[in-house]
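Engineer: The sequence shown begins at 1 in our numbering and counts up one residue at a time.
One or more hints might be untrue.
To be verified - Straight line, CA to CA, 20 Å or less: simulated EDC-like cross-link-like pairs of lysine to aspartate or glutamate:
no., residue 1, residue 2
1, K3, E22
2, K18, D40
3, K75, E86
4, K18, E34
5, K80, E22
6, K54, E33
7, K3, E33
8, K80, E15
Unchecked claim - Label pairs and their computed distance ranges (CB to CB):
no., residue 1, residue 2, range
9, G60, D40, 34 to 40 Å
10, T20, R64, 46 to 52 Å
11, E15, P63, 48 to 54 Å
12, V16, A56, 23 to 29 Å
13, V32, K83, 18 to 24 Å
14, S19, P68, 25 to 31 Å
Hints are computed from structural coordinates only; laboratory data are not their basis. All of these numbers come straight from a predicted model, not from anything done at the bench. Glycine is no exception: its CB is placed at the ideal position from the N, C-alpha and C atoms.
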Amino acid sequence: MNKADLVKRMAEIAEVPKSTAEKLLDAFMEAVEEAVSKGDKVVLVGFGTFQVLKRAEREGRNPRTGTPIKIPAKKVVKFKPGKKLEEAASKA
């Protein structure tokens, strides 16, 4: 499912025009982006949690040459699905 499919389905479920559904989806994505950029956790009970985690510096290998390289530390966004979402996925 891509963004257009999701907007269409949201509009059907909420019984609103597609333009309204798209604005709401964009607003949701912007709100999540703002929260994670501040380091906040976004918890949607039953759906899941968006959280920023720090990955430590680690050693890796260049796949071509096999020489060791240092992979720098960085922050990544992790999504952990909630119980209802995991149950829905197991039914698929």
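Engineer: Take the hints in turn and mark each one as holding or not.
Structural biologist: For each hint, the structure was consulted:
no., hint, verdict
1, K3 x E22, "holds, 9 Å"
2, K18 x D40, "violated, 30 Å"
3, K75 x E86, "violated, 25 Å"
4, K18 x E34, "violated, 24 Å"
5, K80 x E22, "violated, 24 Å"
6, K54 x E33, "holds, 17 Å"
7, K3 x E33, "holds, 16 Å"
8, K80 x E15, "violated, 29 Å"
9, G60 x D40: 34 to 40 Å, "violated, 30 Å"
10, T20 x R64: 46 to 52 Å, "holds, 50 Å"
11, E15 x P63: 48 to 54 Å, "holds, 51 Å"
12, V16 x A56: 23 to 29 Å, "violated, 45 Å"
13, V32 x K83: 18 to 24 Å, "holds, 20 Å"
14, S19 x P68: 25 to 31 Å, "violated, 53 Å"
In summary, the numbered hints that this structure violates are 2, 3, 4, 5, 8, 9, 12, 14.
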